[in-house]
Amino acid sequence: MPRSKKTRSEKVGLPPGSLIPVGEGLSGRSKIKLIHYDEQSLQELDIQQISGCATFIKKTGVTWISFEGIPEASVLEELGLNFGLHPLTLEDILNTDQRPKMEDYGDYLYVVLKMFYNDPTGAGKIKSEQISILFGANFVISFQEQESDTFQAIRERIRNAKGRLRKSGPDYLTHALVDAIVDHYFLILEDMGERIELLEEALVQTPTAGLLSALQGLKKELILLRKSLWPLREMINSLERSESPLISKSSVLYFRDIYDHTIHIIDTLETFRDMLSGMLDIYLSSISNRMNEVMKVLTVIATLFMPLTFIAGIYGMNFKYMPELEWRWGYAMVWAILFTIAGGMLFYFRRKKWW
Amino acid sequence: MPRSKKTRSEKVGLPPGSLIPVGEGLSGRSKIKLIHYDEQSLQELDIQQISGCATFIKKTGVTWISFEGIPEASVLEELGLNFGLHPLTLEDILNTDQRPKMEDYGDYLYVVLKMFYNDPTGAGKIKSEQISILFGANFVISFQEQESDTFQAIRERIRNAKGRLRKSGPDYLTHALVDAIVDHYFLILEDMGERIELLEEALVQTPTAGLLSALQGLKKELILLRKSLWPLREMINSLERSESPLISKSSVLYFRDIYDHTIHIIDTLETFRDMLSGMLDIYLSSISNRMNEVMKVLTVIATLFMPLTFIAGIYGMNFKYMPELEWRWGYAMVWAILFTIAGGMLFYFRRKKWW
Amino acid sequence: MPRSKKTRSEKVGLPPGSLIPVGEGLSGRSKIKLIHYDEQSLQELDIQQISGCATFIKKTGVTWISFEGIPEASVLEELGLNFGLHPLTLEDILNTDQRPKMEDYGDYLYVVLKMFYNDPTGAGKIKSEQISILFGANFVISFQEQESDTFQAIRERIRNAKGRLRKSGPDYLTHALVDAIVDHYFLILEDMGERIELLEEALVQTPTAGLLSALQGLKKELILLRKSLWPLREMINSLERSESPLISKSSVLYFRDIYDHTIHIIDTLETFRDMLSGMLDIYLSSISNRMNEVMKVLTVIATLFMPLTFIAGIYGMNFKYMPELEWRWGYAMVWAILFTIAGGMLFYFRRKKWW
Amino acid sequence: MPRSKKTRSEKVGLPPGSLIPVGEGLSGRSKIKLIHYDEQSLQELDIQQISGCATFIKKTGVTWISFEGIPEASVLEELGLNFGLHPLTLEDILNTDQRPKMEDYGDYLYVVLKMFYNDPTGAGKIKSEQISILFGANFVISFQEQESDTFQAIRERIRNAKGRLRKSGPDYLTHALVDAIVDHYFLILEDMGERIELLEEALVQTPTAGLLSALQGLKKELILLRKSLWPLREMINSLERSESPLISKSSVLYFRDIYDHTIHIIDTLETFRDMLSGMLDIYLSSISNRMNEVMKVLTVIATLFMPLTFIAGIYGMNFKYMPELEWRWGYAMVWAILFTIAGGMLFYFRRKKWW
Amino acid sequence: MPRSKKTRSEKVGLPPGSLIPVGEGLSGRSKIKLIHYDEQSLQELDIQQISGCATFIKKTGVTWISFEGIPEASVLEELGLNFGLHPLTLEDILNTDQRPKMEDYGDYLYVVLKMFYNDPTGAGKIKSEQISILFGANFVISFQEQESDTFQAIRERIRNAKGRLRKSGPDYLTHALVDAIVDHYFLILEDMGERIELLEEALVQTPTAGLLSALQGLKKELILLRKSLWPLREMINSLERSESPLISKSSVLYFRDIYDHTIHIIDTLETFRDMLSGMLDIYLSSISNRMNEVMKVLTVIATLFMPLTFIAGIYGMNFKYMPELEWRWGYAMVWAILFTIAGGMLFYFRRKKWW
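Protein chains in written order, with the numbering used here: chain A, 7 to 361; chain B, 7 to 361; chain C, 7 to 361; chain D, 7 to 361; chain E, 7 to 361.
Quick caveat, the hints were computed from the structure, so don't treat them as lab data.
This structure is a prediction, so every number in the text was calculated from the model and none was measured.
Any given hint could turn out to be false.
Claimed, not checked - Partner residues aside, some chain D positions facing chain E, computed with beta carbon under 8 Å:
no., residue
1, Lys17
2, Pro22
3, Gln222
4, Ile229
5, Lys233
6, Lys255
7, Arg296
8, Leu314
9, Gly319
10, Lys326
11, Tyr327
12, Leu331
We put the CB at the ideal spot given by N, CA and C, even for glycine.
Whole structure, please, built from the sequences with the hints as guidance.
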């Protein structure tokens, strides 16, 4: 469980709608990019002041404002005033510790979801970033936690005058953004699948305590992913079934497509879960097996040598009157007895399949 | 499970609506505070006699009567007569051993939930307090088990003439009270999350029986929290979906916000649960691992020394005719044999990776 | 699972509505008490012949006929003719091995549920008794398996002319009867809760096989209770939601109150279940822990003394030419070696934290 | 899982409605009995040729044709033509490997369920037989896999001119047939309950591997029963709720009665399941307990005798200069040391409660 | 989990509807067969160019175009233009890594499911192939991953002028195709059932680590099948309940028949799952049992010989004054003591039932 730098508990006692950032990686500074397009024209701007967007609010066509880095509360408030956003929406944007959800505020829809990517440092850990998307009749506003090139491909598709994006409204652009994020999950899952297979092979060969903790680590990542994916599915489902006029009929088909993807992802996650719990069974029973093997060696050795040592002990006694000690073939006889006992024991163990 | 001083069983055989207190910490005495406010005016009173409230019943604006400490049955009855409360409501207020619920009595809604806080004595235990809230067209009545400053921040917000509270009705005040309580859950969860992480680290290092019982203790606290949180979620959901005219449309958005919080809290609880059960697996398999290690040491030692001791025993026998004993290099030869056997054993164990 | 004296299998092949008693404790004889009341008047009778009830059937007010002990088939048939009861109802009354349910026969509602009480012999076992209640527009008929004082308090409340019961109809009397039974569950649960806590304390101190079977005994009692409680909840819910004209609006509130109680009871049962399964985990891992401890003692002792005994064995050999035996300080040297080895071993175990 | 003689795989590639028998025990020959009755008259026939039934098709009253043994495909086809049966119905009748279901074909309802009986050879195994029942406006057709007396009691009830059956239609006859089958389940369950109790007692006394496989055998039978019972419940529920005009209102009450029975049966099965899984826990922990006990004996013995043997070994060394050997009381002193050590060990073990 | 040659991750960043093949076994080349039929006529063609189909689009009767091998993107695009297919449909056809689903595009329905067959190389592995079926008012288009004779039997049934297929529309042909695929599942299940039984017998006789991994292998195949079968059931259910005019009323009955089959298959799968998890329990407890047995042998041997060896050691001591050594019957007395001890031990173990 990632530990937030700023936790929710700091907001205890404050009224709802208080713009206090919650979560980590909140730079306070953000880059703002604006694209305005319709079928014929395209305009791209780097915005410094939120007031720069104001002129686009009443324009036809689609205006996409993307924040890379969560903006400061004051910036957000100004944005809220310009676009008529509800205080609760603004509060949610600042809180990067949310579960995926879709909320219909009438004039606009608010969508929150998580972007997952493998830690570039290669430690095999999954990192997550919260992405908020708002879309109304003629605008889309997206918020990322950090500067990234996640949406770069979509910008390219917008620049291409012949793409479907240029002919469609904010709902289709939103679809494209969500689709780009959900597609990324497949990367995560494929990577995870490979790690699970490697772990399984290692476990079958030599079960060590290290592998167990690797197993637990994978389990935790799965829990993290599931926590985000089940509500994601629900969220996309409610987008698809939403009767909001902001979503056109043809876009519904595309959201259904994403919905299929999320179900596919969840199916895979559940399969991973079953595999991991099967691996724990393998691990535990293979420990038991090894213990069994160790115990058999011990038992065979002890059962073999204890009687022999006892007999040797007998003839090591110092009694004055021990007739066997005087016999000519006494020593040879003892060896004969020892071999007979050892042979019998070994035959018995062999029959019991102990080795 | 907290053991009540007064248990439900004492009410067996009594008709419903009997005002017998159930639960612990029932002082019988309570402090009553009254705040009356509307957008322009504000009035605060400390009430001694319930009849003091009577004049406020027909006033416009919002009247908030808060009881700190469950009042005596007679006080409650008088209150019930003044505000037209159903006997079952009064009975429920006195019973501090309830699960969170919302009941619509037509003229007013009755809401029960639990406030959790960490034991201030620092024993790491969670304590709970039941809070009942009634709200009608122009009043809110809240009941706490003890004097506390839980709602202090809300009183401050009311005193601030410009806050949203002053402009809104009893539904929004109720929202503020519930929100304050739900926000407190985040504190509990963060504290619990930290204790789980500490425990996990300790478990991985050295699994002891003490840690196991700490694990069980955490599990019990989780069970306690879940028992309260699942019905809480349901309760807030039915508030949000309630079609009571007592809840305005704009307040519904705010209740939905709390609903999101409770889902977030429940998600976190379930994650904790998964983590705890994963930790039990770690604990059990680490015990098995250690046993395995111990057994290997035993087996190596026994397998090494039993044959050696046997050979020494052989040449400790007192047979008259044992040719080896007379040999010049007999003793050296025995050492050679011993070293050969020991070396073979060690080589065998090394190949089996037993150490 | 209680073994019935008369089992259902004896009815195989008979048509439905056959009045064959099923279950144990069927005396065949029953005491019949009749109370007729309305707001003004009250009449109490001990009935010998069922025909004695006939005059009350058309009277206004409420007639409550209570059978203590399941009556004979012939008595039941006569009752059925008088009150217009369906043959399936009569069959169900005789079968004391049913799950709680509510059935709407139009003219009357039929309610079956279980009364639980602790075995008075103190063996800590839970006993159950089936209670059937029929109520129509102006009558309530209740059937208990044995004479008991379960409903004594309700009779007292009826005798009290000012109680709510005297002013209400058969639905409220039915509520009172069901409430009395459900209240009894709290006694059972409190007793069970105490036994679970005692068991837990005992388990943590010394896990013995006896405690395990006590644990299993508690589990079985829980299973028994759950088997009865889940359908009880469903039954009361369908009473509350029933649209039968036999249940007045104000009574619905009271049935909702019982519904809350059953949910509370079920919650507690589920908590008990979680606690019991946690206790099994404690038990199992504490056995493993003890085994670990035992193994360590064995290993330490064996690892310590085997090498020492081996060395002693070496110098017990009878070779003619063993130079050490002749040395002046040979014996002292051996002791030195022995102490060195023992010390090394102990140091090694200490570092491994084996004791 | 019973292995079919004729498996479904033999039908792969054939069009639906192909009359290929699937399942075991298909004699190909069947006995056909016909009963025609109404309130006044009764007629019983043994039919050789299916054409013999044709005259009854248009008669009023109820015609019940019962097949004991699945008939040949050609016979079935002729029956289908006469009674207007859908090819899929005919195919289903021949396939004796189905899950219980109810299908409404408009003119008739088709019901499939399983009859269970204990293996008469006494091996304690449960055998099953599929029974198909078709009923329309004036006919009932039933199919059993073998000749049996399952429905003999029902024939007797029909012959009794005063029974309810003679006054009712095909729906009530169907109810009677289904009821007879469901009643049989109670026999199976009681038998199973007894075997579970016997097994439990045996397990508590001495856990052996044989009992474990008996436990697994019971589990498998439970799985088999559950596989049949859950759909049975669903099937009877859909009969009860069916809005087919073929089921009269008064019959619905009787089907509800069977529905109650199936829920009762399923409850009992689930209780059995919980008991069996509890017994596995007992078994496993009792094995652990025994191992613990064995290990303690081993450890006590080894810890006691290893030091003693070591000391004896010391004084068996042959050093020339060992002062103790010459002492007058050396030997007595050694015994004193031995007793001291042994006593100390025993005291230590006693304090650790190892025996 | 089969590893795809082309994974979904290669499509990250592309717009939806991009025709990039995903999955393995994509030849890029495919054989196209066309059958056009109505009740009177039949026409079969091998198509080289998709334009060859164009003339059939407006014809009455049924046109079935089957692709064996996924076609190239360009071919698919042309097909899409001719038959008015949505880009998302085309994308789904190319992606052979989908979960079974049914999608209603208005003019046509799109159905995806998995065909399973046992690996012909005999390794006992299950292989799967994705099959897409599109059907509209007068056409059916099917896509298989490879050339196969799966649908050969259906072609034969079409050629037979009297079969039901020739009289029915595209919905019935689709039913026939789906039925052929679902029937194949029974082959897989029967094969799996036999492997489970063999494994169970082997496990009961000698639990080895190899069997455990065979068990895990079966579990994985089950997971794979379940992942495909649950959505299959859902898919066929939505076909049955679909209100599309493309599915005639009489076909609904046939789809319901397939639905029954899928439920039967899923039931069997779940039974297999329960059996496999029961087998793991057997395996684990049989390991424990064996360890117990081994430990008993070790304990008996050690407990028997340790005291004996100790006594022999005592009389091997070299004290000058050891009276017993001089006794005439000392040696015999020692043997007497040894036999007494050994006998006592054996008697004790026998009473404890250790052998």
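**Item:** Hints that the structure is at odds with (numbers, increasing)
**Value:** Hint check: 6, 10 and 11 fail, others pass.
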